[in-house]
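> Using the hints provided, position chain B relative to the given structure of chain A.
Residues per chain are reported as follows:
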Amino acid sequence: MSETAYALDGIRYAYPGSSAPFCLEIDSLKIGAGGMLAFVGPNGSGKTTLLMILALLARPAGGRLKFFGEDPWSGDGRALRARRSAVLLTHHPYLFKGTVFDNVAFGLKVRGISEADWPARIGSTLSLVELSGTEKTAVSWLSAGQAQRVALARALALEPRVLLLDEPTANIESGLALRIESVLQEICRTSGTTVVFSTHNFSQASRMADEILYLSDGRRVPFSHENCFSGTARTDGRQSWIEPRPGHRIVFPGSRTGHITCVINPEDIRLFSPGDPAAGEGPNVFEGRVTRLEMTEADKALVRISGGLTFRASVPLSEIEAKALSLSRHVLVKYEAEAVKIIGAESGPRENAHD
Amino acid sequence: MIVHDLLLALWISLKTSGLAALIASLIAVPAALSLASTEFRGKRAVLLVIQTWMAAPTVVIGLLFYSLLSRSGPLGGFGLLYTQAAMTIGQVFLILPLIVGFSYTALRQVDRRARLTALTLGASRRQAGWVVLREARFALLVAVLAGFARAVSEVGIAMMLGGNIRYATRNITTSIALETAKGEFANGVALGVILLAITLGINALVQVGLRSRD
Chain A
1 MSETAYALDG IRYAYPGSSA PFCLEIDSLK IGAGGMLAFV GPNGSGKTTL
51 LMILALLARP AGGRLKFFGE DPWSGDGRAL RARRSAVLLT HHPYLFKGTV
101 FDNVAFGLKV RGISEADWPA RIGSTLSLVE LSGTEKTAVS WLSAGQAQRV
151 ALARALALEP RVLLLDEPTA NIESGLALRI ESVLQEICRT SGTTVVFSTH
201 NFSQASRMAD EILYLSDGRR VPFSHENCFS GTARTDGRQS WIEPRPGHRI
251 VFPGSRTGHI TCVINPEDIR LFSPGDPAAG EGPNVFEGRV TRLEMTEADK
301 ALVRISGGLT FRASVPLSEI EAKALSLSRH VLVKYEAEAV KIIGAESGPR
351 ENAHD
Chain B
1 MIVHDLLLAL WISLKTSGLA ALIASLIAVP AALSLASTEF RGKRAVLLVI
51 QTWMAAPTVV IGLLFYSLLS RSGPLGGFGL LYTQAAMTIG QVFLILPLIV
101 GFSYTALRQV DRRARLTALT LGASRRQAGW VVLREARFAL LVAVLAGFAR
151 AVSEVGIAMM LGGNIRYATR NITTSIALET AKGEFANGVA LGVILLAITL
201 GINALVQVGL RSRD
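So the sequence lines, in the order shown, correspond to chains A and B. Counting from 1, position 138 in the first sequence corresponds to residue 138 in the working numbering; the numbering is continuous, with no gaps. Counting from 1, position 122 in the second sequence corresponds to residue 122 in the working numbering; the numbering is continuous, with no gaps.
Pulled out of the complex, with its shape left as it was, chain A reads as follows:
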């Protein structure tokens, strides 16, 4: 039986001074040692707060947390010892004034690791993030992407039992992000490090993680918040559909009936200008207006399109420029029927809904 890195039971957390009783409520969560878990959810869903709790930087107001079988909050310096086993890489990480070497050495220094070991460990972790030879570079000269990688190297150099990452590939161009993903998977596999990361990117989560935990409004939810629709399915035998709103039909292959919950990966959604013949004629073509544009990676943005239904599409910046996508612009949303993933089904009919 594999070891449990974290066991959370009835965890409640409230921001100091907040009028809301709790901003995070996790009834039960177990994270196995040596595994890779992703938290997926929108801004404000509690991903960062949960990572802070796992990093033992925020103490829950209620509930029990065990870290490798021990209660880290039971005194005798246990919290500090546990904190030194679980390193958190924050979103928009901060680099201390000085050089790359100074930064990567920081964690080694506070742990009292012999200075003789620093150069080798720092050199090898910088090489993992493709920044070899930058030891003497002042951090003020680094680009945002390089700074993110230095922060990752600073965490990796500590060889922690648990690596907690808040949006680890934000600000990094997609090619390098993929290489960083494989570095993390390699570390998880070879050194048995438990990796827990948060992401907006459902594809990244499904590519990397053994398990995905969806969060919404500070609670676990059974499915992704993005493009999640439900309704009573009808079928013609060859394909099925739900109508989350009257006249707006989401079509998927196969024969299904009963109450269905489905998601569409934002990366599988394509946008077209109205009247563009490439969009074709349905099914699964909807018209709407762009109501939000949000950068999620160095070269991608999440576009929210609101019409009869609301969709979120992950679109490369180059495409946004080429199609001159801007707020309030009319667009056509299209996805293939095969992109619709059924994540929940009940036999009885229920009321239609969408997020």
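Derived by calculation from the structure, the hints in this document are not laboratory data. Remember, predicted model here, so these are calculated numbers, not experimental data. Even glycine gets a Cβ: it sits at the ideal position worked out from N, Cα and C. Not one of these hints is a red herring.
Simulated coverage check for chain A against chain B, where a stretch passes if three residues somewhere in it have a Cβ under 8 Å from a Cβ of chain B: (1) 79 to 87; (2) 96 to 110; (3) 149 to 161.
Chain B only, in chain A's frame:
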């Protein structure tokens, strides 16, 4: 003889004010760190008191400590009145709010992520506090130097608590006051220029020293 008097007054100025800046910094910087990193009820009132205290006239502080240290005062038994120690004590209280105030502003301007990052990397609360101090070191140095400059240039406390005793408590500023009272304005101005030149030299040396270590 005049040169000897001048050098001694200069030494007394630098010694009493340097010591006052050191003692005040050891109290003020941790206090500012604590103020900057914690939120508590009444914090605004504390900051208001500090800001008001900054404007306290030197003679008021001199008078307060005179009443405490004089023979009939509660601390009269220590026999500190008209000593360099009394001058230093008075100057510590003069510059304490200044260094707390400047340091507080400097520490608040350090990116809040600095402390959090140190904690995420396994630093203890104390080590994380040092990180914040290190990130703000230049601004903190300015706070300490401003405190020293205020102490070395004041005359009210030095006069009331030191008594302007030749070879004992006469410093540059009380010498200037004496020369002015005698009508020797040129001597007063010359002493002022010397004090400024020495202070400039100290500021420059400390700044260069710190930057070369960075």
